[in-house]
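*Asks:* Using the hints, position chain B against chain A.
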Amino acid sequence: MICYNCGATLTHNDFCTNCGADVARYKKIVSTANLLYNEGLDKARVRDLSGAIESLRQCLKLDKSNVDARNLLGLVYFEIGEYVLALNEWVISKNLRPSKNIADDYISLLQDNPNKLDVYSQAVKKFNQALSYCYQGSLDLAVIQLKKVLSLNPKYVQAHQLLALLYINDEQWEDARRELNRAQKIDVGNTITLRYLAETQNILDMDDDAGYPGGGIELKGKRGASEGGRLKKDAVDSYSSPVLRKETKTATTVLNVAIGIMIGIAVAYLLILPARISAAREGVDENLKAAGEQLDAKTAQITSLEQDLKIANTQADKLKEELEVYIGENGTMTAMDSLLSAVNSYLDNPEDMQTVAEYLDQIDEATLESTSESFTTVYNLLLSKIGTDVSAGYYDSGMKAYQSEMYEDAIKDLTKAYSYDNSNGDALYNLGNAYRKSGDIVNAIDTYNKVIEEFPDTEMATRSQQYVNELNVD
Amino acid sequence: MINFEDELKKFHPSLEIEEAEDAIYNQDLTDIADLLVGLVKEDKESAGSKEEK
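Just so you know, the protein sequences line up as chains A and B, in that order.
For the first sequence, position 350 matches number 350 in the numbering used here, and the numbering has no gaps at all.
Numbers given in the numbering used here equal positions in the second sequence, counted from 1, plus 474.
Chain A extracted, bound-state conformation:
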């Protein structure tokens, strides 16, 4: 204890040995404050948090510089969900004793965990909103909001009590009792909780005894009549602790002897409890972190698998396309079949050019580019064997169609005639004519140009040139 006048350490004397100030009353005040702090500590130990708050606040009214009492008050506030009040006490405590102060750790714990701080803040905001709903008469909304509050901060005593009050108002006695029991687990000595609990228990007992559903005027009558019964007993039970505390308060002299021991216990308590709280929080944080990491790993795995699936699908599509090249309508396999059939037909009957030609027609020219060298060799060999005759056949049929002015058929047959025999200049020239007569100017010019190029210095070339000139002028 230090002198209020000069700050020197006081002795057992009733005056300051340094400045001579009378400190008898001052010492009495500080001793009483310590006594109240010890009371508050005892109550906090048995979870009588409301009682602890009362004692500690009285202690601080007597001696504001009792940092231990202030820190404990903050801790109790925090335990009942009033984290802003807790922070207030810790900040003031920190200002009173800037170093070697456990309030520093408490503040750091909150500041280092902004997510948790945000959750507490949200809980408070939602509680205030719920209270506002109550004042407006929107009780259903208030119940929903309070449930959210309690999911955010299950130790919010005021929220438990308000929710219980709403349940009582709605005559949901079981729900009310459940909430009140939860509130009581946090703060055993809260008079509001005890009063509501006694009322609720009373109604539930009456329901059990009478065997009729609660509610209505009849219920209220019975409830009123029985108030002297269990309610009174519970009330006495709940108030027994404060009465005892008052008695102990009167035994000041005895307790003064024990103050030294109590301070030791208090210091141990203040050091051990925060460490345990911190360890428990760290455990929860680690679990959350581990769960988060697992979630991230799973998400990454899913993403990787999705990418693999995408690649596999792309490969499947590609293979399907490749397969189509081989086994499709114009695929290599089909071309191979057609060539084999043509060869087979030629070996069976070399005179039956028409059948061989039909098989060869089935081979697409584009497919020839993707086939093997041996395939092309066989194809060209077969073409050289039958090409001239087949070309002559197609030329005849093409010219008949041309003369009959069936230019479409003529173009078809003359194209084949030229493709089977590239030396058949007449077929190419008349193909140009068929294009011109059918009105396909572009193909006509292309075909005439080909005649000029392939068969120069011929009459066909000269005529072709004339037609090209005419068509270009047009």
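What the hints contain is simulated information worked out from the structure, not anything from laboratory work.
Yeah, the Cβ is synthetic: ideal placement off N, Cα and C, and Gly gets one too.
Honestly, I wouldn't trust all of these hints.
Claimed, not checked - Calculated pairs, DSS-like style, for lysine-lysine (alpha carbon to alpha carbon, straight line, at most 25 Å):
no., chain 1, residue 1, chain 2, residue 2
1, B, K518, A, K28
2, A, K61, B, K515
3, A, K28, B, K515
Stated by the list, open to error - Part of the chain B face toward chain A, derived, beta carbon under 8 Å:
no., residue
4, I476
5, L482
6, P487
7, S488
8, E490
9, I491
10, A494
11, I498
12, Y499
13, Q501
14, I506
15, A507
16, A521
17, E525
Claimed, not checked - Residues from chain B that face chain A, not an exhaustive set, calculated with beta carbons under 10 Å:
no., residue
18, F478
19, E481
20, K484
21, F485
22, E492
23, E493
24, T504
25, G522
*Replies:* Below, chain B alone, put in the same frame as chain A:
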């Protein structure tokens, strides 16, 4: 019997974090020890002025 309206009046909004600073600054930290020290000082001053007279 519990009266809902009366009981509701006993519930007050909790302090929100935005209000914490004001709450700390506006908190009356005067304790009994301060009052005692004030009284002692006043007593001394009045005793001193009487001696001067």
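*Asks:* Now tell me if each hint is right for this structure.
*Replies:* Hints, verified against the model:
no. : hint               : in the structure
1   : K518(B) <-> K28(A) : holds, 20 Å
2   : K61(A) <-> K515(B) : holds, 20 Å
3   : K28(A) <-> K515(B) : holds, 18 Å
4   : I476               : holds, 5 Å
5   : L482               : holds, 6 Å
6   : P487               : holds, 4 Å
7   : S488               : holds, 5 Å
8   : E490               : holds, 5 Å
9   : I491               : holds, 5 Å
10  : A494               : holds, 5 Å
11  : I498               : holds, 5 Å
12  : Y499               : violated, 10 Å
13  : Q501               : holds, 7 Å
14  : I506               : holds, 5 Å
15  : A507               : holds, 5 Å
16  : A521               : violated, 13 Å
17  : E525               : violated, 17 Å
18  : F478               : holds, 4 Å
19  : E481               : holds, 5 Å
20  : K484               : holds, 7 Å
21  : F485               : holds, 6 Å
22  : E492               : holds, 9 Å
23  : E493               : holds, 7 Å
24  : T504               : holds, 8 Å
25  : G522               : violated, 15 Å
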